[in-house]
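Peer 1: So the chains spell out like this:
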Amino acid sequence: MTQALPQGRLYESQKLALWYFWVALALFGAQILFGLLAAWQYLDPNFLHGKLNFMTNRMLHINAMVVWLLLGFMGGVYWFLPLELGREVVGIRLARFAFFTLIAAVGIVVLVYLLVQYGPGNAFTLWFITEGREYIEAPRWADIGIVAVMAIFLYNVVATALKAQRITGVVAVLMFDLVALAGLYTAGMHYTPNISMDQYFWWWVVHLWVEATWEVLVGSIMAMALMHLLGTPRRIVETWLYLEVALVFGTGILGLGHHYFWIGTPEYWLGLGGFFSALEPIPLVAMVVHAVYDAGVHRMQTVNQPALFWAIAQAFGNFIGAGVWGFMQTLPQINLYSHGTQLAPAHGHLAFFGAYVTAILTVIYMALHQVRRPELPRFDSKLWKWAFLLMVVSIFGMSAAMTIAGFTQTMVERAIGGSTWQAYIDAQQHPWFQNGMVWRFVFGVFFLVSYLVLLWDVLTIGRGEARMAKEVGAHD
Amino acid sequence: MEIGWIETTIGALFATVILTLWLSRGSGWLEPRFWRNAAVVSSLIMTGILVYLTIDSLNQIREGSARVPAYTVINRTIGLKRDYEKRRDIPVVGEEVGFFGKVWSEAEAYALVNKGKMTLQSRNCMDCHTLLGNGAYFAPDLTRAWLDPKWETMVKGMTGKATKEEAMAEWLQHPDRYPTFVRRMPNLGLTDEEAMALVAFLKWMSAIDTNGFPDRFAGVQ
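Chains A and B supply the protein sequences, listed in that same order.
The first sequence begins at 1 in the UniProt record's numbering and counts up one residue at a time.
The second sequence begins at 1 in the UniProt record's numbering and counts up one residue at a time.
If you're looking for bench data, these hints aren't it; they were derived computationally from the structure.
It is possible that part of the hints are untrue.
Unchecked claim - List of simulated lysine to any residue pairs, SDA-like, C-alpha gap at most 20 Å:
1) A/K51 <-> B/R184
2) B/K156 <-> A/I425
3) B/K115 <-> A/A123
4) B/K156 <-> A/Q422
5) A/K51 <-> B/H174
6) B/K150 <-> A/K51
7) B/K81 <-> A/E267
8) B/K115 <-> A/H190
9) B/K81 <-> A/G417
10) A/K51 <-> B/L188
11) B/K115 <-> A/K51
12) A/K51 <-> B/D176
13) B/K102 <-> B/A70
14) B/K150 <-> A/T192
15) B/K81 <-> A/I416
16) B/K86 <-> A/A415
17) B/K150 <-> A/A415
18) B/K115 <-> A/T192
19) B/K115 <-> A/P120
20) A/K51 <-> B/V182
21) A/K51 <-> B/F181
Stated by the list, open to error - Chain A stretches covered by chain B per the calculated footprint, using a threshold of three residues with CB under 8 Å from any CB of chain B:
22) 50-62
23) 118-125
24) 131-140
25) 336-348
26) 419-431
Just so you know, these numbers come straight off a predicted model, no measurement behind them.
All residues carry an ideal CB built from backbone N, CA and C; glycine is no exception.
Model the full structure from these sequences, guided by the hints.
Peer 2: Structure follows, in structure tokens:
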């Protein structure tokens, strides 16, 4: 099994992981804030018009997400790796240096986004202001920095395994996945005037990160988490992880084809992309089966209640958000009309939350248990339940509102209107669309509230008086 | 080269299953070894197919190919027509009419479209608009923007320009002067050259064969 230090003591890399978690949570807040600004601009288009335009808010909204999820994943690995390999992570100074470099770089990029926003149409803008390509808008200098940080991260993992003279199935999968993760990012670092080629490789980053390498990365982190949380035997966890890798890469790599329907690429992608992406939910179903089984065996009780619930939410959220909402629009016959409508963000919100946010929150709660009250047999609070409930309800609310708006666009703008400028305007003015945007904002505000509750819980859980802690513990 | 997607799919799945079974002979399907082999085999086979198809796809979407036009297409008329055999709309490139009053050479057309693409990225168009359906949803899709009837029916009149390209360039430089919807495009300070280049890029993009997306644009017959 895995090896922890004596109660109450942390590895250096676990201390570093906490830094990753705190910054991740702060950026989560920034993501919500800029999302709300952008959502409000749908309702009042004059709000901050010309000062902080929709494009800038939206860029900050999605970039904050990419960065905070990555920070959360890295924190998760730094947290579990020493436990998994039974020794301190090698190159911890370098890891600290990478952390502070990354934070400084993110700070500079955000300031430039906010203060400069855009630049003249030349290479300078692409190198130093923004590359203007959704999700990977970061200027080129920052891209190079991100790859360098990923390289240091990979070095930490590989060097630790070598020094420990030990490799587990989980660590092997992790290494393999990190190589792919860092390598794929470089596919997004080329400029070409040919928009078809541009988007061809842009999807290598956007799809192959999110729908392949991130899924496997989260799979490895959750595998390590489940061994600690539920005491699931390594043999079972690793077999599931292999199964997941086989299915995720087996379907997700060619599932990439569902982004190649309409960008100028050949017709065979319609069939290949449709078929393989339709299979993409299979590994997610497998995880739900496993989560239900595990939760049942433990009768919904573990050493860490919030972590257990977020882990179950991860399995369901991944399946519903990524699987069901993705499948809804992945076949080319439907996608021809639904592509580029609000159905895409409906799927995006539910999938990113369900697959990734929940996983990171699971790990954060597990870490807090060890940091604050390792002696406690059951880590629990009242507040996290409210945060959990409200967050799940509000993300579903936002996605439902966008789904209705998206169906309206699909019908009014695409199927009937002929997809013109005027057809777009007609759909945007349709009451179903407009109601959708109102409810998306309302649930967005709920989401902000749930974030604040979550943050308060994360700051206070396990910090109460010892008496309280004992009481909670005594329930078992 | 014709690649049948059904053959590719069946072949990939078949090869993955057979190779996994062969490598795992001797161990049961519930053992870690079986699924480790499955993971390695499926990753390698699917990556191999992706690399092969990428080489083929890149050849087919090179500028000047049947699917993605040469940049000099900006000198010609562009339209859409229904291809009843393929059951989808395809772009039709017509006679040479020039662009902004002149015929652009290969090198000039490249430089112009290239400038347009840089302008598109530098102004972050994709975080409000969609291009080939990808981007944000705050503003209309630009895939067939050059072919949009509004330039002729509305913007030409608003801007008082004689040609569609001039009207588009004027509108792009001063979207604040010519509102078309409650959601107004901000003035992003495009120079004359940038506006002209952006129009060239949009015109070139409208001639890409997108497998029929968006369907029946502006009611194509």
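Peer 1: Please write out, lowest number first, the hints stated earlier that are contradicted by the structure.
Peer 2: 6, 11, 14
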